[in-house]
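Asks: Chains as they are written, first to last, in our numbering: chain A, 1 to 155; chain B, 156 to 426; chain C, 427 to 529.
Errors might be hidden in some of the hints.
[As the list claims (entries may be wrong)] Taking lysine-lysine pairs in the DSS-like style, the calculated list, with each CA pair at most 25 Å apart, reads:
#1 A:Lys-38 x C:Lys-476
#2 C:Lys-458 x A:Lys-98
#3 C:Lys-438 x C:Lys-500
#4 A:Lys-44 x C:Lys-458
#5 C:Lys-518 x A:Lys-44
Source of the hints: derived by calculation from the structure; they are not laboratory data.
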Amino acid sequence: MNNQRRTVLKSGSGAALLGMLAAAGIITPGMALADWNKAAFDAKSMADTLKALGAGSPADSKDVQVTGPDIAENGAVVPVGVASSLPNISMVAILIEKNPNALAATFTLPEGTEANVQTRVKMGQTSNIYALVKSDGKFFMATKEIKVTLGGCGG
Amino acid sequence: MFHRFIRTLASAALLGAFASPALAQDSKVADELAKYREALADGNPADLLEVKGEGLWSEKRGPKKASLEQCDLGLGPGKLEGAYASLPRYFKDTGKVMDVESRLVHCMVTLQGFTVAEATKNWYSRPGTESDIEALVTFIGAKSNGKPINVPATHPEEAKMAKMGEYIFYRRSGPQDFSCSICHGQEGKRIRLQELGNLTTKDGAGTAMKTWPSYRVSQGAVWTMQRRLIDCMRQARWPEPNYLADSIIALETYLQKTATGTVMETPGIKR
Amino acid sequence: MGNPMKIRAANKDGVTEVKVLVSHEMETGQRKDANGAIVPAWFITELVAKHGDKTVLSSEFGPSVSKNPYLAFKFKGGAKGDKITVSWKDNKGDSRSDEATIG
Chain A
1 MNNQRRTVLK SGSGAALLGM LAAAGIITPG MALADWNKAA FDAKSMADTL KALGAGSPAD
61 SKDVQVTGPD IAENGAVVPV GVASSLPNIS MVAILIEKNP NALAATFTLP EGTEANVQTR
121 VKMGQTSNIY ALVKSDGKFF MATKEIKVTL GGCGG
Chain B
156 MFHRFIRTLA SAALLGAFAS PALAQDSKVA DELAKYREAL ADGNPADLLE VKGEGLWSEK
216 RGPKKASLEQ CDLGLGPGKL EGAYASLPRY FKDTGKVMDV ESRLVHCMVT LQGFTVAEAT
276 KNWYSRPGTE SDIEALVTFI GAKSNGKPIN VPATHPEEAK MAKMGEYIFY RRSGPQDFSC
336 SICHGQEGKR IRLQELGNLT TKDGAGTAMK TWPSYRVSQG AVWTMQRRLI DCMRQARWPE
396 PNYLADSIIA LETYLQKTAT GTVMETPGIK R
Chain C
427 MGNPMKIRAA NKDGVTEVKV LVSHEMETGQ RKDANGAIVP AWFITELVAK HGDKTVLSSE
487 FGPSVSKNPY LAFKFKGGAK GDKITVSWKD NKGDSRSDEA TIG
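Let's have the full structure, built from the sequences with the hints guiding it.
Replies: In structure tokens form, the structure reads like this:
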């Protein structure tokens, strides 16, 4: 995270500030996203995503858990969580194998933050969900299949 | 849902060995769906809209630069606690049975000076277009959370609307000769994986009515009861009634009357 | 600027659990509108949570995070009354910060 972004976030009116900077030609909208891992989010396959995250081919670990229902009533909102008992976890990522772009989110965990994160993702179809964690500099992975159903009218 | 299980269990036992694997499958599916719904309940995006609605309620808006704080939803000007749970009801000042949405629009017109067309232009949201009515109804609905639904329909005009609603509920119409009751008049029916409530019983109508307004994850929006029922008509291949049509208010009156006594759990969140 | 977030933070046995709901379309860039035109991608790219001045979580999102994103996480420390700040920015350069107090 660079200093400029810190300032922007702190100011609480980042949009206005970014707008001003952009209008002044100081930064372009693209530059505002400098920290965002475009290569990883643009990657389509699991393999390319892992490569862009610098994870290579992570080992499966039973100490990593993907939590979520076996069946989601709607793919637009699928609750998923990642938890792990591995030591010194600095990063957690959620990947959805069959989505157009596999990577859904990455979380950087400073010391003191537990390796236990929950969020909600979109799934285009039934797919394996992968949880990737970085523990002591090494990558580990776990998977779970979540089925996406076609629902009725949602009474 | 649990009751339905017990019934399924009983009938499966009668059917014997063939039914058992399917039953095991069914109950596992239902368990997982329950898990899914539970995971969504904590962190309902409708809460975001409720906060917005609260702001809109007290904000001075419209040509008359007035807030909605003097709006009478049936329990007196500005009285919100339990108001949603007691609607639709008869209003002397308009001589009509009104639901929360028609009454809200009435207040936006009389107190704030909006035209009906302005007030109802975005009665539901689309991606990128927010709906004030959705936000306000979410806020008003939440003020009835924990309160029992109370629409005895004792006033003659209310009784008439409830009767009309019941008639519409059972009336077969449209190209498929469909009625509400075909899907929602018996126990144990489902469409795809979803159970269909029996809206003719207090239990069934209560389970349905207590959770509205509700965030629909499939739509990414809160649906009001008007939107729910108008869309039911569309799904039954009936001509769609206009927003705030008497036919919808009649159906609401019938359903709320049937559900009376059920404690509200709103805003809900569903598929 | 978007609508306000809903942030809940509670400390129990020395661990603070933070739950955040964000109001955002999270448009994938794959959906077509009624006229068949692609609706451009519009989604939160980064979200950072701070306890006081200390970052406790920084996340990057792609468009497959659900509309109105939800996030829950836990960190060691934090005391009742401390401030939690959550900030996001999206791919259009919009951003927002909201605060909550640990309860």
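Asks: Hinted pair, alpha-carbon criterion (25 Å max): Lys-438 (chain C), Lys-500 (chain C). Please report holds or violated.
Replies: Satisfied, since the Cα-Cα distance of roughly 10 Å is no more than 25 Å.
Asks: Are Lys-458 (chain C) and Lys-98 (chain A) close enough, with their CA atoms no more than 25 Å apart?
Replies: Holds - the C-alpha atoms of Lys-98 (chain A) and Lys-458 (chain C) are around 20 Å apart, at most 25 Å.
Asks: Keeping to a limit of 25 Å between CA atoms, is the pair of Lys-518 (chain C) and Lys-44 (chain A) held or broken?
Replies: holds (22 Å)
Asks: Keeping to a limit of 25 Å between CA atoms, is the pair of Lys-44 (chain A) and Lys-458 (chain C) held or broken?
Replies: holds (20 Å)
Asks: Does Lys-38 (chain A) pair with Lys-476 (chain C) here, judged by a C-alpha cut-off of 25 Å?
Replies: holds (24 Å)
Going through the hint list in order, the structure satisfies each hint without exception.
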